[in-house]
Amino acid sequence: MSREPNYEFQEWWNKQREKNHDFFTNDSNNANKGFLTVEIRSLNPDLTTEKDRSRSARQLSWICLLRFQQLANSLAWITNSFLLLLRTANRRISAADSPCDSSASRLYRIIKFFLVLVVLLLCVELVAYFKGWHFSPPSAASAEAAVELFYALWLEIRADYLAPPLQSLANVCIVLFLIQSMDRVLLMLGCLWIKIRRIKPTASMEYPMGRVETGNVDDYPMVLVQIPMCNEKEVYQQSIAAVCILDWPKERMLVQVLDDSDELDAQNLIQAEVQKWHQKGVHILYRHRLIRSGYKAGNLKSAMSCDYIKNYEFVAIFDADFQPAPDFLKKTIPHFKGNDDLALVQARWAFVNKDENLLTRLQNINLSFHFEVEQQVNGVFINFFGFNGTAGVWRIKALEDCGGWLERTTVEDMDIAVRAHLCGWKFVYLNDVKCYCELPESYEAYKKQQYRWHSGPMQLFRLCFLDILHSKVNKAKKANLIFLFFLLRKLILPFYSFTLFCIILPLTIFLPEAELPAWVVCYVPGIMSVLNILPAPRSFPFIVPYLLFENTMSVTKFNAMISGLFRLGNSYEWIVTKKLGRSSEADLVAFENESDSSVTETTSFLRSSSDSGLEELSKLEVTSRRSVKTKRNRLYRMELTLAFILLSAAGRSLLSAQGELTVGHYRCHLESELQVTLTQHLLTNNSNFGVTGSGLKQFSIGHSLYGCQNANCEATCHWLKYKVCTKQKGIFEED
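Under the UniProt record's numbering, the first residue of the sequence shown carries the number 1, and numbering increases by one thereafter.
The hints are simulated quantities; they were obtained by calculation from the structure and are not laboratory data. Hints are not guaranteed to be accurate.
[Stated by the list, open to error] In silico BS3-like cross-links for lysine-lysine, where the CA-CA straight-line distance does not exceed 27 Å:
hint, residue 1, residue 2
1, K397, K310
2, K397, K434
3, K475, K426
4, K397, K200
5, K434, K354
6, K337, K250
7, K434, K250
8, K301, K426
9, K280, K397
10, K310, K280
Turn these sequences into a full structure, and let the hints guide you.
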């Protein structure tokens, strides 16, 4: 234990110190210094008493070794992290496992070669920048080293042979860009006119809302509802349920579930769902093809070949992920009454997962513009637009008149719409009738969908071009189909968006002799992006990601357009877009429960007899859900290569900006020398050196090279040109 402190002694000692302060102070004149101070003398008076704080050589060597070890550990950590990043990226880079990837191998090789070329050019420009050749470009005659001669020759080749064709291609793309921008502006003006005048299609009659009484069904035409699907276990239940609860007399409607699934568990699940609704009194049939020829077009063609189809007047088509509202048929069928030349009534798509992630938000921008502007304007003013493949009602007579479904392209919906238009049929678009569906939530699924949507129109254009020319429609409709519908919106748009912003823009940075105006690169694309976002105003915060997203997707769209136009790769391959099964109607389950309570005793017996089978199918469904693996984010090599090209061009633009700043300082230094030297040659010498011919040309080149923008240099340039002209005319007067 520690001793307790003696506070009394401490207080006494402090009082004594205060009384005898002078006695305890260390004063050199104090006679009692020896009483308080003890001097200890060393035997060796030459040694200093201070401790030497300098480090020995051994300590320094250990410190250096420690520093080197820390540096080596840091370098090893950076190297391992970089290698780990490369291995992870290599594992996640998308391989050519899909038709769009395999057909893109040619384009990928071209883009990869372009990346190598851009990197080499960037290295050359870096060498020129550090050598100072950006400020004073060398000439082939005055070059001393081989590198300097190479750069001088490169400048001549760049200016004489590479820049002119690049500038010509840029001018062509600029013209196409302006034409397409004008088309967008006209569409927006048409949409604004429709909004101001409140123009919309009106039906000659209306069906009463609510449940239809069984006795009064003569006013309701016979409607066939088709649901084509293929291996879509995630969405089959909600689509079948949404169609089966449509507010239409059950005896006046037949539902066809057209299953092209090649997976046995998917077939069993869909067939069990059909059987369940059949037991509830819905007229529903299950059709399965053993040979999946023609994909969706072949499936619809096979279903329309049944004998009982002749008893029906209209056919409504819904894809597997679409969920129509119960009053869908009551809002669309009345438009056919009194319009015998009307073939199609198309409803608008609405998306249940548009706010799921950034990808779905960006898709919503494009599709909102498509439905709100393109489809509505074309439907109001020219009664023609492309059928969207689903959420539409066709007159069966019109389908038979134009030849039915054909299997020649992957866009059977656009194919039959074009043929119906050439036969004189009209279309109606209903912007206020919405049918909920699901957007692809992964980039891979969206990329495959866009590949099919952009390769199919080029296939169709190649096949039906002569049919359009030889059709009986007027010249205005032919021009609209060829120039606007196909060339401008299906061919020119992906061509210039990829060529101008992904190829020409980086090249103009490395070849500054070819220029792109700032309004082409910045202002017009910004204005067009704002116009595209106007139909979806909530998406304005995503305008910058939208610009980058469109630039990235231009690679896939351009590749799909080229593949479809020239029949490259597997452009005729159909890949079903992956869905996740997002539900849209909150009252869907409630309505199904109500229908369960109204089922008769006989149907309950049939339902109870199939409970064991449903239990087995539910076990299969749970097992399939558990077997789904967690997917990681993937890297796509073509988009990644394009990103490195744009980054290299950005690095070159930074060199240009730095060079302009340095030249600005250098320009101020040379300004007075240029003015004095050239003026002296002009006033004192009778020769034409520095005044006419090559001398004046060199001065002009130097003036444009250094970009003299200040007032003094501009005044000097114009003043010297005036003196040259007066000297050549012999009327020179000294100032």
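Hints violated by the structure (numbers, ascending): Checked against the structure, the only hint that fails is number 9, while the rest are satisfied.
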